[in-house]
Amino acid sequence: MNRHDATGEAAHTSDGAGVAGGTQEPGASAGTLSRGPGRLLIAVYGVFALAATARAAFQLATKFDEAPLAYVLTAVAALVYVFATVSLSRSGVRWYRYSLAAVSLELIGVLTVGTLSVVDPVLFPADTVWSVYGRGYGFVPLILPVLGLWWLYRHRAVTAANRRT
Amino acid sequence: MVVDGFFIAGTVVCLLSTLICIGAAVIRQPPNDVTILAVAAVELFLLVYLVAGIFRQAGGEPVTGEVWEFWGYLLTALMIPVGAFWWAILERSQWSNLVLGAVGVTIFVMLYRMEQIWDGAVPA
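Protein chains in written order, with this note's numbering: chain A, 1 to 165; chain B, 1 to 124.
No lab work stands behind these hints: they were computed from the structure. Certain hints may be false.
What the hints assert, rightly or not - Distance windows between CB atoms, simulated:
| id | chain 1 | residue 1 | chain 2 | residue 2 | range |
| --- | --- | --- | --- | --- | --- |
| 1 | A | 112 | B | 76 | 25 to 35 Å |
| 2 | A | 97 | B | 56 | 43 to 53 Å |
| 3 | A | 97 | B | 119 | 24 to 34 Å |
| 4 | B | 57 | A | 123 | 20 to 30 Å |
| 5 | B | 19 | A | 54 | 23 to 33 Å |
These numbers were taken from a predicted model, which means no experiment stands behind them. Heads up, the beta-carbon is just placed ideally off N, CA and C, and yes, glycines get one too.
Let the hints inform the model, and build the full structure from the sequences given.
Encoded structure:
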């Protein structure tokens, strides 16, 4: 892992790195979360943002009446994925907190909807991204927030360092 | 779903592309000509699939599922190798090769759905 590049090379990522201003330590400069394994994590988030958005749009446009609740939840899931993709790829304390909120919401969502869809299949007749813990998507929707939280936890020091200043 | 030549060719290209990229990541290589060409091969396949799709449809071959859903998938799929390339080359580490490796997997899943739509399988 070449985290040492972070200081020299990260400046040109197109983020609002200025958000946290000059308060960051050198190691916490732009896009710490989007380096190394984080790049893969964000890429997978991006794919799911795309997939869930497209699926939600398709479901809402063509068969909303069949299962309004399930399809609205797909749309919610899509929004969470899009937001998490953006927030994870940005740096600064604020975006870190947004990421934490989005990824946590995602985990709660997949656990809640997953459990509900197992307990009461009538309520969720249709496949959403989160039905049966994301079975239709190879359970990636269940694994992704866990990896996301782990990744955020590993970078918690960045936030703590910023908070002190 | 009918397993046709497009599906076989696409599966082979995606599989090889992903294996090459994962292999390069395992030996800790940053993205290089080989892995970038591997992803370009996937894009090339999609372009061939696109042109073939236009001709097949113009020639009257029926699309059993929703036509616009097929084209939606295909146009989205065409953007994925490009996006992954852009995202990967911003950081030259072995992790970026895994980003490139994700292209093959993603496109394979999308190709599977496109073939389902074309041949009229019931969407899940």
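These are the hints, each one checked on the structure:
1. A/112 - B/76: 25 to 35 Å: The hint (25 to 35 Å, Cβ to Cβ) holds, given that residue 112 of chain A and residue 76 of chain B are roughly 29 Å apart.
2. A/97 - B/56: 43 to 53 Å: 50 Å, holds
3. A/97 - B/119: 24 to 34 Å: Once the Cβ atoms are compared, 47 Å apart, the range 24 to 34 Å for residue 119 of chain B and residue 97 of chain A is violated.
4. B/57 - A/123: 20 to 30 Å: Cβ of residue 57 of chain B to Cβ of residue 123 of chain A: about 39 Å, so the range 20 to 30 Å is violated.
5. B/19 - A/54: 23 to 33 Å: 27 Å, holds
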